[in-house]
Amino acid sequence: MKFEICAKDNKTKARAGEITTDHGKIQTPIFMPVGTAGSVKGVNQRDLIEDVGAQIILGNTYHLYLRPGMETMNLAGGLHKFINWDRPILTDSGGYQVFSLAENRKLKDEGAHFSSHIDGSKHLFTPENIVDIQRIIGADIIMAFDECTPYPCEYNYAKKSMDLTHKWLKRGLKHFDASEPLYGHSQTFFPIVQGSVFKDLRIESAETIVSHNREGYAIGGLSVGEPEQEMYDMIEVVNEILPQDKPRYLMGVGTPVNILEGIARGIDMFDCVMPTRNGRNGMLFTSEGIINIKNVKWKNDFSPIDENGSSFVDLQFSKAYLRHLIIAKEILGAQIASLHNLSFYLWLVTESRKRIIDGSFLSWKNSMIEKLSFRL
RNA sequence: GGGGAGAUACCUAAGUGGCCAACAGGGGCAGACUGUAAAUCUGCUGGCGUACGCCUUCGUAGGUUCGAAUCCUGCUCUCCCCA
Numbered sequence: 001m002k003f004e005i006c007a008k009d010n011k012t013k014a015r016a017g018e019i020t021t022d023h024g025k026i027q028t029p030i031f032m033p034v035g036t037a038g039s040v041k042g043v044n045q046r047d048l049i050e051d052v053g054a055q056i057i058l059g060n061t062y063h064l065y066l067r068p069g070m071e072t073m074n075l076a077g078g079l080h081k082f083i084n085w086d087r088p089i090l091t092d093s094g095g096y097q098v099f100s101l102a103e104n105r106k107l108k109d110e111g112a113h114f115s116s117h118i119d120g121s122k123h124l125f126t127p128e129n130i131v132d133i134q135r136i137i138g139a140d141i142i143m144a145f146d147e148c149t150p151y152p153c154e155y156n157y158a159k160k161s162m163d164l165t166h167k168w169l170k171r172g173l174k175h176f177d178a179s180e181p182l183y184g185h186s187q188t189f190f191p192i193v194q195g196s197v198f199k200d201l202r203i204e205s206a207e208t209i210v211s212h213n214r215e216g217y218a219i220g221g222l223s224v225g226e227p228e229q230e231m232y233d234m235i236e237v238v239n240e241i242l243p244q245d246k247p248r249y250l251m252g253v254g255t256p257v258n259i260l261e262g263i264a265r266g267i268d269m270f271d272c273v274m275p276t277r278n279g280r281n282g283m284l285f286t287s288e289g290i291i292n293i294k295n296v297k298w299k300n301d302f303s304p305i306d307e308n309g310s311s312f313v314d315l316q317f318s319k320a321y322l323r324h325l326i327i328a329k330e331i332l333g334a335q336i337a338s339l340h341n342l343s344f345y346l347w348l349v350t351e352s353r354k355r356i357i358d359g360s361f362l363s364w365k366n367s368m369i370e371k372l373s374f375r376l
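The end of the first sequence is residue 376 by my numbering, with every number in the run present.
These aren't lab readings, by the way, just hints derived from the structure by calculation.
SDA-like, lysine to any residue: derived pairs with alpha carbons at most 20 angstroms apart:
#	residue 1	residue 2
1	Lys160	Phe99
2	Lys159	Leu107
3	Lys297	Asn281
Make the full structure from the sequences, and use the hints.
Structure, rendered in structure tokens:
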């Protein structure tokens, strides 16, 4: 993997860059649609490329390991072939599931014992077998196995959790460096910064992971319920330490405003379920503000979904029609809303990149934030 | 013509003397959702009031009772079976 910075904003920490993988280039800052179980929910691969303009998508180690399972993944020749996607893929390690499925797991030094949310079967994830699984999935970028520290969180727990993530990182990297990709394209391994909302822990964590000298770094354990300002503060603290010449990935973030604020603080990569999940539940993000399409005020509004939108659905269908589809629980409603939101998210980062390059990022960002804080 | 069952809020439907402004679904309205156990979850849904509360409701008109959606009588309507 290669990372090149094309332009730096001179009023903020924002940068425009380009990541090169064996599956093609990614222009940063980038938003990566989440395709947990081998699908970006409600959006097919052709539309992801041709309409949304997705340059890279996510898969999830925990979910793919349980279903369809690694035998099928291996026989398919990896996730790219399995889902017929030849652009880059990043896989999350399952660290987030250690957090979100907490009642089903027990954390030990060796790894995470857990029972499947599907059939209750018992499994053990270790930093080593998480690498093996991600080798079989074959993602271009694979993530360290971490504990996504919950919030709120006592300092002592946050420290213990961070230390565990660091120990797991060391083992994971050792195993990664001693193993080979399976399908002829190269894979890179991103460590993850933890440390909850404690500045000294975040600094310690960032310094620790940087010492392993990898091709990119991620910031985890944010957007888990802490006030947004704390998230921004932690990004600033960590980005002081993460090297300029490596991509920085802020995991699980976020709202359009979060993304703009992240870009302004030097983040290059984002992922979030928000555009798809909230879309399925009737929330639309547009350049004029946020819409709850289920609200009765849209019942007879036959204007386009988003007249400035970049997806074909935006002009093709009316708000009233989309409202009807979502309320009637028609699958098409979820599909249209997901297409719209993902297109908006990709537009947001593409436009940011343009503005960073032409020098108008800061003022544009501020005017966008004002609009995006508004409920239509 | 004879016999039987029933009528509860926007809909379906529980309740058969006080704990009933009335279970539960649906529908409606609003909210939540951040490395997806989510096409999910939460709240409200007779009127007025922020609230304690007050007022009006269980087909309809009367009655019994301290007290009725619940018991009794008349009436209206609906459905089923037999002729």
